[in-house]
Amino acid sequence: MEKVVSLCKRRGFIFQSSEIYGGVNGCWDFGPLGVELKRNLKNDWWYVNVLQRDDMVGLDASIIMHPQVWVASGHVEQFHDMLVDCKSCKHRFRQDHLDGSRCPDCGGELTEPKAFNSMLRTRLGVSDDTATDTYLRPETCQSIFVDFKDIYATSRMKIPFGIAQIGKSFRNEVNPRNFIFRSREFEQMEIEFFCKEPEEAKWFEHWLECIWTWYTDVGLNPKKIRWFEHPKEALAHYSKRTTDLEYEFPFGWGELQGLANRGTFDLTQHAQHSGKDLSFFDPDSKERFVPSVIEPSAGVDRTCLAILCDAYEEDVIDEEPRVVMRFHPRIAPIKAGVFPLVKKDGLADIARDLERKLRRKFATFYDQGGAIGRRYRRMDEIGTPFCITVDYETKENSTVTIRERDTTKQERLPMDEVGAYLEKRCTSERN
Numbered sequence: 148m149e150k151v152v153s154l155c156k157r158r159g160f161i162f163q164s165s166e167i168y169g170g171v172n173g174c175w176d177f178g179p180l181g182v183e184l185k186r187n188l189k190n191d192w193w194y195v196n197v198l199q200r201d202d203m204v205g206l207d208a209s210i211i212m213h214p215q216v217w218v219a220s221g222h223v224e225q226f227h228d229m230l231v232d233c234k235s236c237k238h239r240f241r242q243d244h245l246d247g248s249r250c251p252d253c254g255g256e257l258t259e260p261k262a263f264n265s266m267l268r269t270r271l272g273v274s275d276d277t278a279t280d281t282y283l284r285p286e287t288c289q290s291i292f293v294d295f296k297d298i299y300a301t302s303r304m305k306i307p308f309g310i311a312q313i314g315k316s317f318r319n320e321v322n323p324r325n326f327i328f329r330s331r332e333f334e335q336m337e338i339e340f341f342c343k344e345p346e347e348a349k350w351f352e353h354w355l356e357c358i359w360t361w362y363t364d365v366g367l368n369p370k371k372i373r374w375f376e377h378p379k380e381a382l383a384h385y386s387k388r389t390t391d392l393e394y395e396f397p398f399g400w401g402e403l404q405g406l407a408n409r410g411t412f413d414l415t416q417h418a419q420h421s422g423k424d425l426s427f428f429d430p431d432s433k434e435r436f437v438p439s440v441i442e443p444s445a446g447v448d449r450t451c452l453a454i455l456c457d458a459y460e461e462d463v464i465d466e467e468p469r470v471v472m473r474f475h476p477r478i479a480p481i482k483a484g485v486f487p488l489v490k491k492d493g494l495a496d497i498a499r500d501l502e503r504k505l506r507r508k509f510a511t512f513y514d515q516g517g518a519i520g521r522r523y524r525r526m527d528e529i530g531t532p533f534c535i536t537v538d539y540e541t542k543e544n545s546t547v548t549i550r551e552r553d554t555t556k557q558e559r560l561p562m563d564e565v566g567a568y569l570e571k572r573c574t575s576e577r578n
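For the sequence shown, our numbering assigns the number 578 to the last residue and increments by one with no breaks.
Be careful, since some hints might not be right.
To be verified - What follows is a list of derived Cβ distance ranges for each label pair:
{"id": "1", "residue 1": "C174", "residue 2": "K237", "range": "21 to 31 angstroms"}
{"id": "2", "residue 1": "S302", "residue 2": "G255", "range": "28 to 38 angstroms"}
{"id": "3", "residue 1": "D429", "residue 2": "T363", "range": "33 to 43 angstroms"}
{"id": "4", "residue 1": "N368", "residue 2": "R157", "range": "45 to 55 angstroms"}
{"id": "5", "residue 1": "Y513", "residue 2": "G255", "range": "15 to 25 angstroms"}
{"id": "6", "residue 1": "H238", "residue 2": "D429", "range": "50 to 60 angstroms"}
{"id": "7", "residue 1": "T554", "residue 2": "T415", "range": "36 to 46 angstroms"}
{"id": "8", "residue 1": "K504", "residue 2": "H377", "range": "44 to 54 angstroms"}
{"id": "9", "residue 1": "Y513", "residue 2": "G272", "range": "47 to 57 angstroms"}
{"id": "10", "residue 1": "T554", "residue 2": "S426", "range": "55 to 65 angstroms"}
{"id": "11", "residue 1": "R503", "residue 2": "R324", "range": "39 to 49 angstroms"}
{"id": "12", "residue 1": "K237", "residue 2": "E356", "range": "31 to 41 angstroms"}
Claimed, not checked - Within a straight-line C-alpha distance of at most 27 angstroms, the following computed DSS-like cross-link-like pairs (lysine-lysine) qualify:
{"id": "13", "residue 1": "K504", "residue 2": "K490"}
{"id": "14", "residue 1": "K261", "residue 2": "K189"}
{"id": "15", "residue 1": "K370", "residue 2": "K305"}
{"id": "16", "residue 1": "K343", "residue 2": "K379"}
{"id": "17", "residue 1": "K305", "residue 2": "K189"}
{"id": "18", "residue 1": "K349", "residue 2": "K370"}
{"id": "19", "residue 1": "K504", "residue 2": "K571"}
{"id": "20", "residue 1": "K423", "residue 2": "K387"}
{"id": "21", "residue 1": "K423", "residue 2": "K189"}
{"id": "22", "residue 1": "K508", "residue 2": "K556"}
{"id": "23", "residue 1": "K150", "residue 2": "K371"}
{"id": "24", "residue 1": "K343", "residue 2": "K261"}
{"id": "25", "residue 1": "K387", "residue 2": "K305"}
{"id": "26", "residue 1": "K542", "residue 2": "K504"}
{"id": "27", "residue 1": "K371", "residue 2": "K189"}
{"id": "28", "residue 1": "K315", "residue 2": "K234"}
{"id": "29", "residue 1": "K156", "residue 2": "K189"}
{"id": "30", "residue 1": "K423", "residue 2": "K305"}
{"id": "31", "residue 1": "K150", "residue 2": "K343"}
{"id": "32", "residue 1": "K556", "residue 2": "K490"}
{"id": "33", "residue 1": "K504", "residue 2": "K491"}
To be clear, the hints were calculated from the coordinates, so they are not data collected in a lab.
The C-beta atom is built at its ideal place from N, Cα and C for all residues, glycine as well.
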């Protein structure tokens, strides 16, 4: 884990927020490579789960909502962590994160547990005396329920259908830890899939399969992911059934995505608290009912961390050790590096021109500094799947060499076929 964190800082994937002022615990900034990795993951998820389905539409809702939303959802009353303090070192812990009855840091005696609501408060208004207390949303799903009626009316969708959203959420975590795995500001990729109550089990199984397929398609090792079924006595207040997809991080198994059967809880609650009818009328069966909800909810930051951990590898090439990030080409931050063998004799001009043409469609990187082997190693370390080299033969027959990151094998290809080659390799298993 230390090697992954070090690489993320060294190569511009992830930095601590406000680091020059000492940093903010539990808040992170995605650097030039990290933001591309994160964007690629979100775009791929959206492409697979929204654009390629005829039973899904999207939403991008406000982070701040009416405070009564969180009363109706149960967050104000039930969104609590039980905290304990060490009487000796004064450190604070969530009770459910402790293995024993003593302080894990110094062995001291712990206080009795006390409830702590982990939503982040804010005030909305132009002056202190008229401002309204509300919260930064702790999850993205409630806006989908609140907007449900407007969405199905304007999009003319019929049950069963889903509403997808990617957006920021905020929780006042007591002990942010394990790099970006548990933080105070994070991003979710979430779907609320509305169906008839008798069809809950069928759609739950459908989404189990979809979730597993997407994670393996973007490159996660299937031997390092598993399902964890929540026991009934541990289910959240809204859930009939919850199953988590977990990944084996260097620090242990951790949740990447939850799949919950929320039943009719949310729409019923919001209908009662708002006084609005949130039922659905089926024009075919002439039936009116409150839909049940199956919820696939994934953490973007946690998925990025799993991808980073899974991709990291150390090997030896030509008797020289290297660090290589084996990202799937679909999500790699940079798809291709373009190099002239040397800077002179017009090779740099040809390479620059080729890189500019490829950049119209792919994320590329131009590098003419240092030995070609060193340039390959730099691309390997940031996970670039292909390196294209312009050499003296290029001037004779307009061909270039393409080197593959994982095998280090090279092949020669006409320059005008390079774009089609990258298109095929970087979208494989998608179509």
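Against the structure, the hints come out as follows:
no. : hint                              : in the structure
1   : C174 <-> K237: 21 to 31 angstroms : 23 angstroms, holds
2   : S302 <-> G255: 28 to 38 angstroms : 57 angstroms, violated
3   : D429 <-> T363: 33 to 43 angstroms : 36 angstroms, holds
4   : N368 <-> R157: 45 to 55 angstroms : 24 angstroms, violated
5   : Y513 <-> G255: 15 to 25 angstroms : 57 angstroms, violated
6   : H238 <-> D429: 50 to 60 angstroms : 55 angstroms, holds
7   : T554 <-> T415: 36 to 46 angstroms : 55 angstroms, violated
8   : K504 <-> H377: 44 to 54 angstroms : 51 angstroms, holds
9   : Y513 <-> G272: 47 to 57 angstroms : 50 angstroms, holds
10  : T554 <-> S426: 55 to 65 angstroms : 57 angstroms, holds
11  : R503 <-> R324: 39 to 49 angstroms : 44 angstroms, holds
12  : K237 <-> E356: 31 to 41 angstroms : 48 angstroms, violated
13  : K504 <-> K490                     : 19 angstroms, holds
14  : K261 <-> K189                     : 37 angstroms, violated
15  : K370 <-> K305                     : 38 angstroms, violated
16  : K343 <-> K379                     : 22 angstroms, holds
17  : K305 <-> K189                     : 26 angstroms, holds
18  : K349 <-> K370                     : 26 angstroms, holds
19  : K504 <-> K571                     : 17 angstroms, holds
20  : K423 <-> K387                     : 24 angstroms, holds
21  : K423 <-> K189                     : 33 angstroms, violated
22  : K508 <-> K556                     : 24 angstroms, holds
23  : K150 <-> K371                     : 19 angstroms, holds
24  : K343 <-> K261                     : 40 angstroms, violated
25  : K387 <-> K305                     : 24 angstroms, holds
26  : K542 <-> K504                     : 18 angstroms, holds
27  : K371 <-> K189                     : 21 angstroms, holds
28  : K315 <-> K234                     : 36 angstroms, violated
29  : K156 <-> K189                     : 22 angstroms, holds
30  : K423 <-> K305                     : 20 angstroms, holds
31  : K150 <-> K343                     : 48 angstroms, violated
32  : K556 <-> K490                     : 24 angstroms, holds
33  : K504 <-> K491                     : 21 angstroms, holds
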